[in-house]
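Novice: Read off the chains here:
Number of protein chains: 2
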Amino acid sequence: MASSLKRHNLLVTTDLVRDISSFQRVAEVYRSNELDEGALANLLPQIDALLIFNWPEFLTEERLGGMKQLRFIQSILVGVNHIPFDKLGSRVIVCSNAGAYSLEVGEHAFGLLLSAAKRVVETNNSVRMGKTDFKEFRGVATDILVLRGKTLGVIGYGGIGAVVARLGKSFGMRVIALPRKRGRVEKGVELRWGTGALPGLLAEADAVVLAVPLTRSTEEMIGARELLMMKKSAILVNISRGDVVNQGALFEHLKLNPKFTYATDVWWFKEGRETLITEYPLTSLPNFIGTPHISGPTALSSGRPQKMAVLNTIRYLEGLRPENVVRRSEYLTGQS
Amino acid sequence: MASSLKRHNLLVTTDLVRDISSFQRVAEVYRSNELDEGALANLLPQIDALLIFNWPEFLTEERLGGMKQLRFIQSILVGVNHIPFDKLGSRVIVCSNAGAYSLEVGEHAFGLLLSAAKRVVETNNSVRMGKTDFKEFRGVATDILVLRGKTLGVIGYGGIGAVVARLGKSFGMRVIALPRKRGRVEKGVELRWGTGALPGLLAEADAVVLAVPLTRSTEEMIGARELLMMKKSAILVNISRGDVVNQGALFEHLKLNPKFTYATDVWWFKEGRETLITEYPLTSLPNFIGTPHISGPTALSSGRPQKMAVLNTIRYLEGLRPENVVRRSEYLTGQS
Numbered sequence: 016m017a018s019s020l021k022r023h024n025l026l027v028t029t030d031l032v033r034d035i036s037s038f039q040r041v042a043e044v045y046r047s048n049e050l051d052e053g054a055l056a057n058l059l060p061q062i063d064a065l066l067i068f069n070w071p072e073f074l075t076e077e078r079l080g081g082m083k084q085l086r087f088i089q090s091i092l093v094g095v096n097h098i099p100f101d102k103l104g105s106r107v108i109v110c111s112n113a114g115a116y117s118l119e120v121g122e123h124a125f126g127l128l129l130s131a132a133k134r135v136v137e138t139n140n141s142v143r144m145g146k147t148d149f150k151e152f153r154g155v156a157t158d159i160l161v162l163r164g165k166t167l168g169v170i171g172y173g174g175i176g177a178v179v180a181r182l183g184k185s186f187g188m189r190v191i192a193l194p195r196k197r198g199r200v201e202k203g204v205e206l207r208w209g210t211g212a213l214p215g216l217l218a219e220a221d222a223v224v225l226a227v228p229l230t231r232s233t234e235e236m237i238g239a240r241e242l243l244m245m246k247k248s249a250i251l252v253n254i255s256r257g258d259v260v261n262q263g264a265l266f267e268h269l270k271l272n273p274k275f276t277y278a279t280d281v282w283w284f285k286e287g288r289e290t291l292i293t294e295y296p297l298t299s300l301p302n303f304i305g306t307p308h309i310s311g312p313t314a315l316s317s318g319r320p321q322k323m324a325v326l327n328t329i330r331y332l333e334g335l336r337p338e339n340v341v342r343r344s345e346y347l348t349g350q351s
Numbered sequence: 016m017a018s019s020l021k022r023h024n025l026l027v028t029t030d031l032v033r034d035i036s037s038f039q040r041v042a043e044v045y046r047s048n049e050l051d052e053g054a055l056a057n058l059l060p061q062i063d064a065l066l067i068f069n070w071p072e073f074l075t076e077e078r079l080g081g082m083k084q085l086r087f088i089q090s091i092l093v094g095v096n097h098i099p100f101d102k103l104g105s106r107v108i109v110c111s112n113a114g115a116y117s118l119e120v121g122e123h124a125f126g127l128l129l130s131a132a133k134r135v136v137e138t139n140n141s142v143r144m145g146k147t148d149f150k151e152f153r154g155v156a157t158d159i160l161v162l163r164g165k166t167l168g169v170i171g172y173g174g175i176g177a178v179v180a181r182l183g184k185s186f187g188m189r190v191i192a193l194p195r196k197r198g199r200v201e202k203g204v205e206l207r208w209g210t211g212a213l214p215g216l217l218a219e220a221d222a223v224v225l226a227v228p229l230t231r232s233t234e235e236m237i238g239a240r241e242l243l244m245m246k247k248s249a250i251l252v253n254i255s256r257g258d259v260v261n262q263g264a265l266f267e268h269l270k271l272n273p274k275f276t277y278a279t280d281v282w283w284f285k286e287g288r289e290t291l292i293t294e295y296p297l298t299s300l301p302n303f304i305g306t307p308h309i310s311g312p313t314a315l316s317s318g319r320p321q322k323m324a325v326l327n328t329i330r331y332l333e334g335l336r337p338e339n340v341v342r343r344s345e346y347l348t349g350q351s
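Which chain is which? The protein sequence lines are A and B, in order. In this text, residue positions in the first sequence follow the numbering used here: the first is 16, and each later residue adds one. In this text, residue positions in the second sequence follow the numbering used here: the first is 16, and each later residue adds one.
With the rest of the complex left out, here is chain A:
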């Protein structure tokens, strides 16, 4: 099946990558949606590289177990928490797509932050529902957060966190950020590490943006205790993954603190899939703002994430060291 002149067999499991000509010089390339069940079953044991978007449903634990040649998985999504790391052989390298969505997701984070800060959703809906006396809105003006001079906390300082921090500075905000690695220096951003860093950031910030990947150590990193450390009128923006926040604790906190706002583009996972249906009736609360995970798809429509994933896959196929190799120990399972 695979040509003897080519060392690699690549399987592309998503239609997001349309043009596969750039691979054909260095690998035999297959598309899962062009193969029937039998052909797919025969092919999988020979595949050494996968280019995926969502985790393909046909890659069950049993089939994955039979893929003895598998060495490389490139994700088009920036987050790789959907990959079942505990079912992968130890020689498999997994690459995220870090940086590919930073611009669009960073802008979206600011869209959520400003929608909350300027009370756009809440007051727009009140006017729509017939609240048409200016006097009824007098109290709102003092609830509005003027960003200039306030403190922005950025948790996670990768590509997206850096875009968010830069925008925060341009609004005249003081920016505190928690990077994953020590030692980095960034002009105009207070980078902090260590055990006291998170509580300090949460206590000082008027607005916090979550921009960490979902890993073993970031899962539910924001729970009841952390929410209590925050200002009563703070804004918490999430553009990482829903499960970074404990949903039950968030629901209680929003109910008890009507001036606190949670604004998110990402939702909790249930049975391995992100879902807009929440366990707690969060969307009935006026201080919960949620967009249906639309920041990433916006980037996809630019073609940049696909192009970056293709280029990184070619690095692997050509024998170069690929970028964005994930530390597998940080991920317990994809089914969080």
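Do not take every clue at face value.
All copies of an identical chain are treated as equivalent in the list; a pair is satisfied when it fits inside any one copy or across any two copies.
In silico DSSO-like pairs for lysine-lysine, Cα to Cα no more than 27 Å straight-line [unchecked claim]:
1. K165 x K184
2. K274 x K184
3. K285 x K150
4. K146 x K270
It should be emphasised that the hints constitute simulated quantities derived from the structure, not laboratory data.
Given the coordinates of chain A, work out where chain B should sit on it, guided by the hints.
Specialist: Chain B only, in chain A's frame:
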């Protein structure tokens, strides 16, 4: 009533200015809400300076006609379109409060712009109403406007326009602005003048922010013709005055162009007062976003507009030339 040692009699008609001690060195100071009807009627003919917020209801045309000493009116509002210029003697100087609200209103303009660009209001409300399948939102991602690289048009380049332009640049936008006066130069902003400037800006911009004062020449400057010049998917933000836009034309345009968004903090005047009740059912349209004029009050809660108005009034009382003197010929009437 007035001390012979003090040359000025100042009437303060708003509770927004609480501390009047700074005036007392240079003027007799009165508060309208501390005087009964008779005392007020006796006092008005001696008043030469007024410090106002909204136009006071007791200052009827007849009473104004009797205020022969009136020489100076300081507005705490930045816009002075509420002042009945045609009822004022020719020697009365009117001062706006330009610059006092620029930061808060400029930030609010960006809040409205990003809420529209990132489809926050629309998608949040859809999820709330039970649209909980991600697939139903697939089309939205391509409707989202990524600001970087896009063109922002700023109509009116005073204090607020300059804040908006600066924020636009920090989002990586190309910024075109129409200042009121020729000859100004601003780094990184394309300033334009003359007859072709407005049509050019409207045609090129992905988002337009209205930041002009409401005057004879800006009233309904955006009508059916101007809306047609804009991109079908453009965002029009209004933080100046509702009446800068023709309401009927806007309603028709929003109905015919569902991807066009109008996002406003300011509403149309009716019988001399701004009102949230519109002639056309604008708030029933999904592509209309309206906040209930909350950007200005936010600035008031900082105390800055009051302080600036007080300082400018003192300039007049001390015989210095006050700032922000309005060109009366630009305003036909306050009852627009």
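Novice: Each hint: holds or not?
Specialist: To see whether the hints hold, each was checked on the structure:
no.	hint	verdict
1	K165 x K184	both (10 Å within a copy, 21 Å between copies)
2	K274 x K184	within (24 Å within a copy, 31 Å between copies)
3	K285 x K150	between (44 Å within a copy, 17 Å between copies)
4	K146 x K270	both (23 Å within a copy, 23 Å between copies)
Hint compliance for this structure: every hint is met.
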